[in-house]
Amino acid sequence: MLKNRIIPCLDVKNGRVVKGINFVDLKDAGDPVEQAKVYSDGGADEICFLDITASNENRDTIYDVVDKTSKKCFVPLTVGGGVRSVEDINKLLNCGADKVSINTAAVQNAKVVEDSSRKFGSQCIVVAIDAKRNNGSWEIFTHGGRNPTGINALEFSSKMEKCGAGELLVTSMDKDGTQSGYDIDLMKKISSSVNIPVIASGGVGTLDHLVDGIKSGASAVLAASIFHYGTYSVHEAKQYLASKHIPVRI
Amino acid sequence: MNVTIVDYNSGNISSVINSFKEVAKGKVHIAITSDLNKIKSSDKVVLPGQGSFKSCVDALNNISGLVQTLNDFVLINKKPLLGICVGLQMFADVGYEEIETKGLGWISGKVSKIDNQNGKYKLPHIGWNQINILKDSKIFKDIDNNSHMYFVHSYELVPNDKSVVSSTTDYSTDIVCSVEKENIFGTQFHPEKSDKIGLKIIENFINL
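Chains as they are written, first to last, in the numbering used here: chain A, 1 to 250; chain B, 1 to 208.
Bear in mind the hints are in silico, worked out from the structure with no lab data behind them. Note that the coordinates shown come from a computational prediction; the quantities given were computed from them, not determined experimentally. Warning: the hint list may mix true and false statements.
[Unchecked claim] No more than 25 angstroms apart at the CA atoms, straight line, and that leaves these computed lysine to aspartate or glutamate pairs for DMTMM-like:
id, chain 1, residue 1, chain 2, residue 2
1, A, Lys37, B, Asp58
2, A, Lys72, B, Asp170
3, B, Lys196, A, Glu236
4, B, Lys200, A, Glu34
5, A, Lys71, B, Asp7
6, A, Lys71, A, Glu114
7, A, Lys13, A, Asp31
8, A, Lys215, B, Glu203
9, B, Lys196, A, Asp212
10, B, Lys25, A, Glu87
11, A, Lys119, A, Glu139
12, A, Lys91, B, Asp142
13, B, Lys54, A, Asp176
14, B, Lys21, B, Glu100
15, A, Lys111, B, Glu203
16, A, Lys119, B, Glu203
17, B, Lys141, A, Asp11
18, A, Lys162, B, Glu22
19, A, Lys119, B, Glu100
20, B, Lys25, A, Asp64
21, A, Lys91, B, Glu100
22, B, Lys120, A, Asp212
23, B, Lys78, B, Asp174
24, A, Lys119, B, Glu98
25, A, Lys91, B, Asp7
26, B, Lys21, A, Glu236
27, A, Lys72, B, Asp7
28, A, Lys72, A, Asp31
29, A, Lys189, A, Asp212
30, A, Lys119, B, Asp161
31, A, Lys72, B, Glu100
32, A, Lys188, A, Asp176
33, A, Lys72, A, Glu114
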């Protein structure tokens with residue numbers, strides 16, 4: 001039976017972790033490679049890096065981070081943030097990323113998704129959708145949640161599936177950072193309207209939230225803060241899900 | 001010993017390279033090339049593959065003499081080859097992704113889309129699933145039955161002779177997830193992304 005995945009996410013800025021686990025026994029708590037290794041040794045099913053480097057001159061730092069991490073971690077590695085073109089995707093894959101997540105570029109130009117999934121295979125193309133509630137539906141935003149688009153999240157999800165996306169990483173902007181749980185309605189609606197896996201993101205504060213995310217129909221749950229602050233380890237999260245009869249890899 | 005990972009523009013092979021280098025630890029030489037003479041003189045060959053069946057077969061055919069070299073390596077010299085993901089799928093006679101495409105024909109059978117039972121199962125089949133080991137395969141030495149492996153695919157190999165199947169996994173139906181036919185080995189899952197247990201399979205292949 002296919003297991004539900006738990007994916008810890010690390011925010012990386014200028015090649016350093018700004019939101020990650022805060023363990024005392026880490027030699028260098030800001031080192032993304034070391035943190036990713038802790039997660040993969042702890043049973044993470046995948047690792048996700050979100051590059052939030054703002055300035056262009058430091059953008060290349062992520063390539064070095066991906067290169068080093070992929071030589072240490074032998075579980076799938078997804079990298080997102082600032083991915084603009086097929087060439088950007090190519091560079092990340094060549095450095096050792098297994099999947100690349102595309103947000104703003106997918107909205108601005110769906111051809112990036114079409115071309116890259118044809119060139120590299122759907123399996124490595126994840127479309128990241130940032131959605132916010134608006135009058136009973138959800139609108140997608142770009143540029144890290146700053147720019148409204150007027151585009152309906154459900155319609156966009158179906159479009160991305162047709163363009164060749166292998167997975168959708170769905171983040172609720174209303175819930176992100178609140179630790180009050182995923183936007184379950186959003187996850188349910190998108191999961192049931194597409195036939196590709198959905199990764200639920202945004203709002204996890206407790207282990208029950210992870211359970212709710214899986215029950216909403218998502219194939220995987222992504223979380224940052226609960227692991228970041230050491231509230232729970234990935235292993236504890238998996239044990240808890242298993243105790244609630246949710247199939248996980250232990 | 002020399003192990004060659006065939007670099008034929010089949011998509012992203014960095015993870016395959018990294019995992020083999022990790023296991024080899026400098027004791028075994030890992031080459032990444034499409035040079036026909038280097039492939040011929042290798043002790044073992046790894047055939048990765050990402051993207052569609054057609055794109056991988058086209059990429060093999062684009063390198064003049066490569067298919068013939070691989071045929072000789074496997075069928076005449078009988079040296080070990082490991083196909084990963086679409087690398088395994090290409091063992092078949094024919095694939096039906098995008099358009100009907102001829103495969104290498106090393107294992108008689110076809111590659112067709114996983115039956116998703118009218119949307120009941122999501123495709124691609126992405127994530128960790130357990131393998132059900134059906135026969136002793138040399139690459140499964142010290143691998144427990146029901147071990148978790150990382151999968152990502154929408155198509156499956158359907159061999160005519162089921163005796164080549166060394167393990168299956170349960171997703172909609174029993175999907176073939178590894179084969180062994182004499183010196184030909186293949187995994188539908190990604191050992192290079194399957195954590196320590198996956199590295200063990202790579203080690204088993206290197207130590208054959």
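Hints breached by this structure: The structure breaks hints 1, 2, 6, 8, 9, 10, 11, 12, 13, 14, 15, 16, 17, 18, 21, 23, 26, 30, 31 and 33; every other hint is satisfied.
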